[in-house]
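**Q** The listed protein sequences correspond, in order, to chains A and B.
One point on numbering: in UniProt numbering, the residue at position 230 of the first sequence is 230, and numbering is uninterrupted.
One point on numbering: in UniProt numbering, the residue at position 46 of the second sequence is 46, and numbering is uninterrupted.
Be careful, since some hints might not be right.
What the hints assert, rightly or not - Below are the DSSO-like pairs computed for lysine-lysine, each with C-alpha atoms no more than 30 angstroms apart in a straight line:
{"no.": "1", "chain 1": "A", "residue 1": "LYS259", "chain 2": "B", "residue 2": "LYS307"}
{"no.": "2", "chain 1": "B", "residue 1": "LYS275", "chain 2": "A", "residue 2": "LYS3"}
{"no.": "3", "chain 1": "A", "residue 1": "LYS160", "chain 2": "A", "residue 2": "LYS3"}
{"no.": "4", "chain 1": "A", "residue 1": "LYS198", "chain 2": "B", "residue 2": "LYS307"}
{"no.": "5", "chain 1": "B", "residue 1": "LYS275", "chain 2": "B", "residue 2": "LYS91"}
{"no.": "6", "chain 1": "B", "residue 1": "LYS139", "chain 2": "A", "residue 2": "LYS3"}
{"no.": "7", "chain 1": "A", "residue 1": "LYS307", "chain 2": "B", "residue 2": "LYS91"}
{"no.": "8", "chain 1": "B", "residue 1": "LYS307", "chain 2": "A", "residue 2": "LYS3"}
{"no.": "9", "chain 1": "A", "residue 1": "LYS139", "chain 2": "A", "residue 2": "LYS104"}
{"no.": "10", "chain 1": "B", "residue 1": "LYS198", "chain 2": "A", "residue 2": "LYS275"}
{"no.": "11", "chain 1": "B", "residue 1": "LYS139", "chain 2": "B", "residue 2": "LYS91"}
{"no.": "12", "chain 1": "A", "residue 1": "LYS153", "chain 2": "B", "residue 2": "LYS275"}
{"no.": "13", "chain 1": "B", "residue 1": "LYS307", "chain 2": "A", "residue 2": "LYS307"}
{"no.": "14", "chain 1": "A", "residue 1": "LYS307", "chain 2": "A", "residue 2": "LYS153"}
What the hints assert, rightly or not - The calculated label-pair distances, taken between Cβ atoms and stated as ranges, are:
{"no.": "15", "chain 1": "B", "residue 1": "GLU278", "chain 2": "A", "residue 2": "ASN257", "range": "37 to 45 angstroms"}
{"no.": "16", "chain 1": "A", "residue 1": "PRO65", "chain 2": "B", "residue 2": "LYS256", "range": "26 to 34 angstroms"}
{"no.": "17", "chain 1": "A", "residue 1": "ASP61", "chain 2": "B", "residue 2": "GLU35", "range": "39 to 47 angstroms"}
{"no.": "18", "chain 1": "B", "residue 1": "ASN257", "chain 2": "A", "residue 2": "GLU109", "range": "55 to 63 angstroms"}
Claimed, not checked - Quick look at which bits of chain A chain B covers, simulated, 3 or more residues with Cβ under 8 angstroms:
{"no.": "19", "region": "66–73"}
{"no.": "20", "region": "117–127"}
{"no.": "21", "region": "219–226"}
Honestly, the hints are just simulated from the structure, not real lab data.
The model shown is predicted, which means the values in this text are computed figures rather than measured ones.
Built from N, CA and C at the ideal position, the CB exists for glycine as well.
2 protein chains.
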Amino acid sequence: MAKRGNLMTFREDVRVVDATIRDGGLCNNFYFTDEFVRDLYKANQEAGVDYMEFGYKASADLFDPEEFGKWKFCRDEDIYDIVGDNDTDLKIAVMADVGRTNYKRDIVERSNSPIDLVRVATYINTMPAAIEMIEHCAKMGYETTCNIMAVSKAHREDLKEALDMIGKSSANAVYLVDSYGSLYPEEIRALSEMYLEKMDQYGKQVGIHAHNNQMLAFANTIEACASGVSMLDATMNGMGRGAGNCMMEQLMGFLKNPKYQLCPVLHFIEQHMLKLREEGIVWGYNTAYLLTGRLNMHPRSAIAFSKEHRYDFERFYLDLDQE
Amino acid sequence: MAKRGNLMTFREDVRVVDATIRDGGLCNNFYFTDEFVRDLYKANQEAGVDYMEFGYKASADLFDPEEFGKWKFCRDEDIYDIVGDNDTDLKIAVMADVGRTNYKRDIVERSNSPIDLVRVATYINTMPAAIEMIEHCAKMGYETTCNIMAVSKAHREDLKEALDMIGKSSANAVYLVDSYGSLYPEEIRALSEMYLEKMDQYGKQVGIHAHNNQMLAFANTIEACASGVSMLDATMNGMGRGAGNCMMEQLMGFLKNPKYQLCPVLHFIEQHMLKLREEGIVWGYNTAYLLTGRLNMHPRSAIAFSKEHRYDFERFYLDLDQE
Numbered sequence: 001m002a003k004r005g006n007l008m009t010f011r012e013d014v015r016v017v018d019a020t021i022r023d024g025g026l027c028n029n030f031y032f033t034d035e036f037v038r039d040l041y042k043a044n045q046e047a048g049v050d051y052m053e054f055g056y057k058a059s060a061d062l063f064d065p066e067e068f069g070k071w072k073f074c075r076d077e078d079i080y081d082i083v084g085d086n087d088t089d090l091k092i093a094v095m096a097d098v099g100r101t102n103y104k105r106d107i108v109e110r111s112n113s114p115i116d117l118v119r120v121a122t123y124i125n126t127m128p129a130a131i132e133m134i135e136h137c138a139k140m141g142y143e144t145t146c147n148i149m150a151v152s153k154a155h156r157e158d159l160k161e162a163l164d165m166i167g168k169s170s171a172n173a174v175y176l177v178d179s180y181g182s183l184y185p186e187e188i189r190a191l192s193e194m195y196l197e198k199m200d201q202y203g204k205q206v207g208i209h210a211h212n213n214q215m216l217a218f219a220n221t222i223e224a225c226a227s228g229v230s231m232l233d234a235t236m237n238g239m240g241r242g243a244g245n246c247m248m249e250q251l252m253g254f255l256k257n258p259k260y261q262l263c264p265v266l267h268f269i270e271q272h273m274l275k276l277r278e279e280g281i282v283w284g285y286n287t288a289y290l291l292t293g294r295l296n297m298h299p300r301s302a303i304a305f306s307k308e309h310r311y312d313f314e315r316f317y318l319d320l321d322q323e
Numbered sequence: 001m002a003k004r005g006n007l008m009t010f011r012e013d014v015r016v017v018d019a020t021i022r023d024g025g026l027c028n029n030f031y032f033t034d035e036f037v038r039d040l041y042k043a044n045q046e047a048g049v050d051y052m053e054f055g056y057k058a059s060a061d062l063f064d065p066e067e068f069g070k071w072k073f074c075r076d077e078d079i080y081d082i083v084g085d086n087d088t089d090l091k092i093a094v095m096a097d098v099g100r101t102n103y104k105r106d107i108v109e110r111s112n113s114p115i116d117l118v119r120v121a122t123y124i125n126t127m128p129a130a131i132e133m134i135e136h137c138a139k140m141g142y143e144t145t146c147n148i149m150a151v152s153k154a155h156r157e158d159l160k161e162a163l164d165m166i167g168k169s170s171a172n173a174v175y176l177v178d179s180y181g182s183l184y185p186e187e188i189r190a191l192s193e194m195y196l197e198k199m200d201q202y203g204k205q206v207g208i209h210a211h212n213n214q215m216l217a218f219a220n221t222i223e224a225c226a227s228g229v230s231m232l233d234a235t236m237n238g239m240g241r242g243a244g245n246c247m248m249e250q251l252m253g254f255l256k257n258p259k260y261q262l263c264p265v266l267h268f269i270e271q272h273m274l275k276l277r278e279e280g281i282v283w284g285y286n287t288a289y290l291l292t293g294r295l296n297m298h299p300r301s302a303i304a305f306s307k308e309h310r311y312d313f314e315r316f317y318l319d320l321d322q323e
């Protein structure tokens, strides 16, 4: 498949999605101050970001609202409180996890909601449930994406089947999600081509959500983009679970569309992200994440290792390798 | 040009070069303890590393030996002191900078030296002097490479000319050196192909030395490798000037040749690299390096910015952009 675009021009189909609150919320149980969220909303507008993901639409029956900040639940009224009528070019997104969202109750008519896009997150084995959610959301008037997580663990035949299911559904796009940060650029290119080949048939877009376990999140994002992937996830300073994500400042430095602006992102990092780190919120690459990424494993053991301030990497690696 | 090799097998032509003392020495003025250097020599052997670069062969007439550790000068007797007769598979390398090395005096017959490989570092505008050094070193019996620094600033026509000069010289290999960490993977692939096309004509190898300013050092190294580049530079924990280098632990996790072992590298990091950081030696990615990398500039202003513990990234970027 040919390369799409080049380093001198820009592609009109590219969309940047800020996932700071959602993926970053996994680092601080979604306890962001309103000031943080308001300033982020403003920074994203100024930077030309296309979508801002506010968090998860998790069911309050399954998760205790006393244990999480409000962006775990993304009640429409809480989003309205930040964005008002959102009379801007920045669209509002939420993530809805299969099996963790009471979507029939909580995802209402779009005309009564500040939300524009619902991103349905699923593993490969719950595709029918994902499609059901997508159809509900589409019927309610939302844009939808299907985000197949942990694709590095999926079999190719299952993945092809899943892509056809999404192709035939009402979803606007499918996301290539490297949850474990284990994929190398050449694997990302091969998967991007597979996703694009399928989605081109159905007239749908492809997105990329990369993790930085092996320090490849930015490289994988721009390589996917060069292959034709058009929805690009990033987070401020890379804030996200474990090793974090592609950084918004990296992506804004790369993209050539003049609407994308790096300075508002740098300003926001100065204003807010450094403070979060000072407060003890931890994210970003370290050697332990490299090892789980390399072994194509969930980063939970590396998160625990890091929290315990352990530095016996060799022992950790040998133990992982026996699992 | 076709891809060389794949993710399941390994290429016999790949060589790993540890540049920790040399590029890392730029962070601590080459003041490494003998214990550090001895343990690194041992770790590299155990990890299957092919070459260990001990430092620069700088002229003591030009640099004051009181101001630098001994690995700035790499006297043969100091290397002998670590490696003895070096009865191992690990070859010994040094870097010799054009204009900073009294090579006629300091680079003697290989049979009287512990050194196997002399890497001649040059900018594109001092190629004739580089060739002269290469011919001297080759005549003395050494393997040689020509490392053209800051290639992101060179004009393609000059670069082609330089590659032909190297092709016709006694050099064994040419290095693609992204001194400013400004190149994206697709640029690295294009340059790799250009270097390889030329060097294939002359039966010589190509190497890659990447910097991590945009967090692309590992990605660029493995992408160059997949294009056919065979000499791969890395440093322990990425230690190197400014944002540092491709990390040895990343590279050892990637390469498939069973002779390459990750555990000795992890062990060395636990043993020594964390201590260096505790002692206040600083290297590695930060936002300031991203900005000089993005603007294709020498990282010196980002190094100064970081040393001053400044965090006003927006101001820094605006000032850089006016230079």
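**Q** Please flag the earlier hints that this structure goes against, numbers listed from lowest up.
**A** Hints 1, 2, 4, 6, 7, 8, 10, 12, 16, 17, 19 and 20 not satisfied by this model.
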